[in-house]
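Visitor: Chain order of the listed sequences is A, B and C. Residue numbers for the first sequence, in this note's numbering: 1 to 394. Residue numbers for the second sequence, in this note's numbering: 1001 to 1253. Residue numbers for the third sequence, in this note's numbering: 2001 to 2128.
Treat the hints loosely; a few may be bogus.
Pairwise CB distance ranges, derived in the manner of DEER restraints [said to hold, decoys possible]:
#1 C/Asp-2015 / A/Asn-300: 36 to 44 angstroms
#2 C/Asn-2009 / B/Asn-1070: 14 to 22 angstroms
#3 B/Ile-1239 / C/Glu-2073: 37 to 45 angstroms
#4 B/Asp-1048 / A/Lys-121: 51 to 59 angstroms
Quick caveat, the hints were computed from the structure, so don't treat them as lab data. Keep in mind it's a predicted model, so treat the numbers as computed, not measured. C-beta: ideal position from N, C-alpha, C; glycine also.
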Amino acid sequence: MSVTQPSAIIIGAGFTGCALAYDLAQRGFAVTVVERGELASGTSGRTHGLLHSGARYCVTDAEAAVECIQENIILRRIAKQCIEYNGGYFVALDDADLAYAPVFSQGAQACGIPVEEIGVKRALGTEPALNPNILAAYQVPDAAFDPLRLAMAFAASARRYGAKFNTYHDVVGFLRDGNGNICGISAVNRHSAQPVEFQADITVNATGAWAGKVAEIAGIPVPVRPTPGVMVAYEKRVTERVINRLCEPDDGDILLPQRRMAVIGTTSFEVEDADYIPVHPDQVKEMHKRAALLVPALVNIKMRGAYMSARPLIGGMMSGRSLSRTFKCYDHRTIDGVDGLVTVTGGKATTCRVMAEKTADLVCQKLGWQRVCETAQHPLADYHLYYQSTEVAA
Amino acid sequence: MTEQPWQVHFKIYRQRSGQKPYIQTLTLAVDPDEYILDAIERIWANHDRTLTYRHACHHSTCGACGMRVNGCEKLACITTIRSVTQNGGNLRIDPLRNFPVVSDLVVDMGDFFLRMNKSGFDSVALSEAACLPYEKPKILMDQAEQVTERLVDCIECGLCISACPAANTDKEYVGPAVLASIQFMYAQNPSQELIDQADHHSGLWRCHSAYECTQVCPSGVDPAWRIMDMRKKVLTDRIKSIFRPRSQEKKNA
Amino acid sequence: MPNQPEANNWPRWFDPRSRSLGTFGFILNRVTALGLTLYLLMHLVALGQLAKGADAYDGFIALVKNPLFKLGELLVIAAGVIHGLNGIRIALNSFGIGVRRQRSTFIALMAVSVLVIAFFAYKMFSEG
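In isolation and in its complexed conformation, chain A is listed as follows:
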C-alpha cells in the first residue's frame, strides 16, 4: 500500500505496546506510542515478575506452554539485563500433588520444556527454606524479571529506531477518514491539559485489560474481562529459585524471589473496570497461608506490600483471528468493517515479544509492507536509554 514509510500509533505502553513499538520501528514504521500513565503502570508493571518456563501450563494449556518456553529462551538472551535466572522448582506437598507428577513430567517433555526430577534432598540442600516435608521436586528453567525495566528495555530499543513515546496522554477519540475508517486518534496531554491529535496509517489498541474500554470509544466491542489477582511481597528473599507447587494452576501456587523480597501469587476473579482494584485483605490472608505451605519460615516474615494486577482475559465468542489460546489479535476490518484499527490483548508478560511479532505481521500484511521480524535476534538496548530523548514538556 504505502511506498513511503508507513506509520503506526500504538495505544498503551505496557509490555505488548513497548514490544510492538520496537518490532514495528525496527521494521521501518514511524511509530508513535500513546500511553495514559507511566510506562508499564497498568497490568504490566504489577505482574508477578515470573518469566514462565511454560511448565505451569504444560498440562492444561499445551499451546501456551510451548509459547512460554520458546519466549523464555529468547527473552533470557535478549533481555538478560533485567532477568535473574536461577531456575525454578516444582514441589509436591501432598499425595494429590504426587499423583500429578507423571502427568506433569510427560506434559513438560511433550512441550519441549527441559524438566528434571531432582531428589528431595538436593532440593532442600539448594533451597534450605523450603518446606522440609516436600515429597518430590522437579527443576525447570523459570526465572524472575523486573517488570518496569523489561518494558523500558523494549521502549529503549524502539527509541533507537525512532519510535516516539507520549506518556501521560489520554486517548479521547478516534479520527476517521471519509470512509469511516480510523486514521488516527485525538488525545489529551495530561501534563499540560492540552488536546493533541496523532495521525497514522494504522492504529493498534494494545491496552490489555483496558482493550474493551478503548475500543468502545470507537464504538467497537472487544470482549475483554479484566481478571485481577493479588500478589504479596515479603521482606526477605527466602529462596534463590522460583518455587511452584506441583499441581494444576491454582491460587497462591507460585513463590518467587525478587531483589531482597519474596513474592507470592496469585488469585483470580473478574471485575468490570480495572482502573482501581482494591486489595482485598481476605485474599492477602489466603496468600499468606499458601506461601507458608511452600516456605514455612514466611509465617514470621513481615509483609512488605500487597497489590492487584488485572490480567486481560479474553471472554465471549468472537470470530477474531485467533493466534493461539493465550492471546488474540483482532483486525477490526474483517470483524467490524472498520479499517485502520487492530486490537491485541490477552497473553502473558513472558509472551509479550511474540504477541508483538504476530501483531506486527498482521499490520505489515494489511499495509503490504514486506519486512520480517528481527526482535528475537538482537539483545535489547540498555533500559536506561529509554530516557535518551525525554524532554520536559514546556
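On the provided structure of chain A, position chains B and C as indicated by the hints.
Guide: Using the frame of chain A, we list chains B and C on its own:
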C-alpha cells in the same frame, strides 16, 4: 479491616507543566493499613482524573513511585498510611526534590538514568556481589553453597538524591545513587574511568556526610557507606602513590 | 539535564524537619563553622587594638571581662569542641572507618562535647 476507617486530609502538590503550583486538599476515608499509592490511585480513579503520578510495580522493585510524604522521601507503594499520620491527620504529598517537575507528582528522571547508565550500572549481578560487603557472611550462611544471580538492590527511585542536602545546592553533583553505583561496579571490575567519574569536586568530595541517603533508601543500598568506601579507595591510592617510586608509576601507567 | 534544585535553596540546609540524626550533625557542623568564622573576624579586629597602643588594648580587655563576653567566649569554645569532634568523625568516615556506626559515634561525641563545655563553663564562671 479490623478497625474503623480513618479520615485523612490529603494535601497534594499540583502543577500543570509550566504553570504555578498549588496544593489540592481532599478528605478521604481510608483503611489505616492501606498503602499510600493505593490511596493516590483511588483519588485518581474516583475523584480527580487529572492527577499525574509515576508508578508501576506496586511492591518496591521498580522504583517509580518515589515521592515526599509529609516531607520525607518514601516509596508510596510500601508506605502505609498508619506509618505517617493518624486518624484526622494530614497527609502532605509532594514530588521528589532535586528533579525537574514535569507535572504534579511526576518528575523527570532522564538525567539521573543516563548518569546511572554512564556508570555502567548493571541491574543483575551474582548474588554474592549484589549484597553489601559487610553483610556477606550472613547471607552466605543463610544459603547453601551455590552460584546464583539476582536483581541488585538499587531500584533507581531517586529518593536519596531528593533527600541529599548537597544535591540540594549543587546541580552538578553526581549524587548518592550514582556514586553508589560507581562503587558497586568498581568493586566488581575496577577501572580508572570509574574513578574519574567519582573523583572530582562534584563527585565523591561533594558529599557532606548528612547520611540522609542511607536513611531514606527503601532498598538496602546504603549509598553513604558506598560513598565512604569509594573515598577510602581513592585516598588509599593517593597515599600509596606518594610513596611509590617514579619509575614504578610510569610502569603502571 | 542535570539535577535541578530550585534557585537559592541553601536555607533548606538548616531545615531539620522530617530529617534524621545525620542532618543534625550536618547542620551543627555548618552552624559552628559559621560561628567560628565570625569569631575569627572579631578576633582579628580585637588584635587590631594592639596597634593603637597599650591603653586602647587594656581598655578593650577590661570590656571583655563583662559576663556577656564571657558567654560569647563559651560559645566559641562550644563551637570549637563540637566542630572539632564532629570533624574527626567525618574524617574517619571518609577513610571508611565507623561509617555504619556514624549515628552512635555522633551521639557519643556530642555527649563528650557537652561534658567538655560544662567543664569550661564551670571553670570560667566559678573563678569569676
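Visitor: Each hint: holds or not?
Guide: Going through the hints against the structure:
| no. | hint | in the structure |
| --- | --- | --- |
| 1 | C/Asp-2015 / A/Asn-300: 36 to 44 angstroms | holds (39 angstroms) |
| 2 | C/Asn-2009 / B/Asn-1070: 14 to 22 angstroms | holds (19 angstroms) |
| 3 | B/Ile-1239 / C/Glu-2073: 37 to 45 angstroms | holds (38 angstroms) |
| 4 | B/Asp-1048 / A/Lys-121: 51 to 59 angstroms | holds (58 angstroms) |
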